[in-house]
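Visitor: Sequences listed follow chains A and B, in order. For the first sequence, the working numbering begins at 8 and goes up steadily by one. For the second sequence, the working numbering begins at 8 and goes up steadily by one.
I should point out that these hints are in silico values taken from the structure, not numbers from a laboratory.
No distinction is drawn between identical chains; accordingly, a pair holds when it is met within one copy or between any pair of copies.
Straight-line alpha carbon distances no greater than 20 angstroms define the calculated EDC-like cross-link-like pairs of lysine to aspartate or glutamate that follow:
| # | residue 1 | residue 2 |
| --- | --- | --- |
| 1 | Lys118 | Asp29 |
| 2 | Lys56 | Glu24 |
| 3 | Lys56 | Asp29 |
| 4 | Lys40 | Glu58 |
Number of protein chains: 2
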Amino acid sequence: MTTSSTPRERLLDAAGELFYRDGVNIGVDALCKAAGVSKKSMYQLFRSKDELIAESLASRGAAYQALLQPGPEDDRPARDRILNVFERQDAVVAGGNYLGCPYVATAVELKNPEHPGSVVARHFKQQLTDFFHRELVKAGADDPSTLAIQLTMIFDGAAARAVVRAQPLGGIGAATAAALLDAAGVHAGELALH
Amino acid sequence: MTTSSTPRERLLDAAGELFYRDGVNIGVDALCKAAGVSKKSMYQLFRSKDELIAESLASRGAAYQALLQPGPEDDRPARDRILNVFERQDAVVAGGNYLGCPYVATAVELKNPEHPGSVVARHFKQQLTDFFHRELVKAGADDPSTLAIQLTMIFDGAAARAVVRAQPLGGIGAATAAALLDAAGVHAGELALH
DNA sequence: CCGACTGTAAACCGATCGGTTTCCGAAATC
DNA sequence: GATTTCGGAAACCGATCGGTTTACAGTCGG
Chain A
8 MTTSSTPRER LLDAAGELFY RDGVNIGVDA LCKAAGVSKK SMYQLFRSKD
58 ELIAESLASR GAAYQALLQP GPEDDRPARD RILNVFERQD AVVAGGNYLG
108 CPYVATAVEL KNPEHPGSVV ARHFKQQLTD FFHRELVKAG ADDPSTLAIQ
158 LTMIFDGAAA RAVVRAQPLG GIGAATAAAL LDAAGVHAGE LALH
Chain B
8 MTTSSTPRER LLDAAGELFY RDGVNIGVDA LCKAAGVSKK SMYQLFRSKD
58 ELIAESLASR GAAYQALLQP GPEDDRPARD RILNVFERQD AVVAGGNYLG
108 CPYVATAVEL KNPEHPGSVV ARHFKQQLTD FFHRELVKAG ADDPSTLAIQ
158 LTMIFDGAAA RAVVRAQPLG GIGAATAAAL LDAAGVHAGE LALH
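Let the hints inform the model, and build the full structure from the sequences given.
Guide: Here's what the structure looks like:
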């Protein structure tokens with residue numbers, strides 16, 4: 008099915024997709040079959056299934072970030088850049104087959120916060136919070152640290168809602184984020200106060 | 008281990024605990040062993056493991072509700088009753104061994120929104136939103152429907168954060184809910200405008 | 001042409017999966 | 001006291017689990 012170049016890439020691709028679609032309990036056999044890689048190769052490329060879980064999560068970090076966060080070429084105001092994350096999330100959910108934020112879903116399934124996959128999830132969730140924080144600082148927010156955490160919570164809350172309801176979000180995430188930003192004084196049309 | 012009266016109750020208790028602690032992929036053998044019930048009995052009390060998942064979730068609904076939502080004997084203002092949910096969540100997380108909202112976690116693990124367990128999860132998540140909605144109507148909020156959904160999202164976002172970070176929440180949920188309520192005009196010390 | 005290396009296919013390991021079945025002791029019914 | 005019902009213990013089913021091993025095909029540099 009997957010036909011990238013190296014066995015390692017094929018494995019990481021298949022793992023990223025199947026661990027998300029079927030959960031981390033999917034078998035190594037099915038995984039290797041989907042990747043077109045023998046189990047022997049898998050186990051000399053990765054120490055264990057647990058390590059593959061973590062590495063596949065990490066390998067998707069950049070793509071997932073690019074999917075949700077506006078790049079530096081987007082020169083809209085910080086507030087718009089923040090709200091854009093929720094609009095993108097909305098679009099991903101509306102695109103169908105949404106099964107939650109891969110990082111949160113994996114952490115929830117693994118149960119063990121010390122599992123290498125949980126560590127990676129924690130790291131990449133922090134990156135979203137960091138993005139919010141940078142933008143909030145640009146916007147001159149009073150308490151960017153708290154606000155960044157709150158925005159991340161709204162993001163994950165929206166993701167949870169999408170999973171539980173199995174329906175599009177209808178802009179509720181962006182609306183909630185906007186309300187919170189308004190309450191914090193990060194208003195529309197407001198430029199950073201340099 | 009569990010020593011309630013009937014095999015059915017023992018099964019539902021053990022299932023509620025083990026499905027939460029270890030995930031829905033825990034084996035039926037381990038489940039029955041923990042409940043002190045034979046598999047034969049289990050399979051004549053429940054059609055399948057999937058049905059047991061759903062029924063165990065549903066059987067814990069009332070207790071979970073009582074754990075998080077203030078009862079009718081609590082005559083504080085609606086705003087306080089709403090914020091109290093987040094304070095209780097905070098306490099549950101701080102109590103340790105928190106693995107997320109059982110309904111969201113189960114829905115995330117099941118992947119399939121038509122699974123009987125997912126249907127139950129959807130139903131009980133709606134009950135929390137309904138609680139918020141009732142209180143918001145009492146408080147005279149302008150748009151109780153939207154606000155109730157937003158509060159539920161904050162709740163689930165806080166739960167996700169607790170799982171991913173594996174740390175206490177430190178009041179961030181209640182603070183976010185309070186900010187949102189303030190922004191919506193549901194202020195502290197404000198009584199319902201009858 | 002040879003050996004070293006890479007990678008797949010597949011057998012194999014003990015354990016466990018969801019689910020069914022058999023057996024048998026304890027208790028309740030008549 | 002005989003019988004029926006309940007329910008636990010455990011064997012059993014084919015399938016799959018994570019992980020290891022053997023065997024073999026292709027592809028290099030020498």
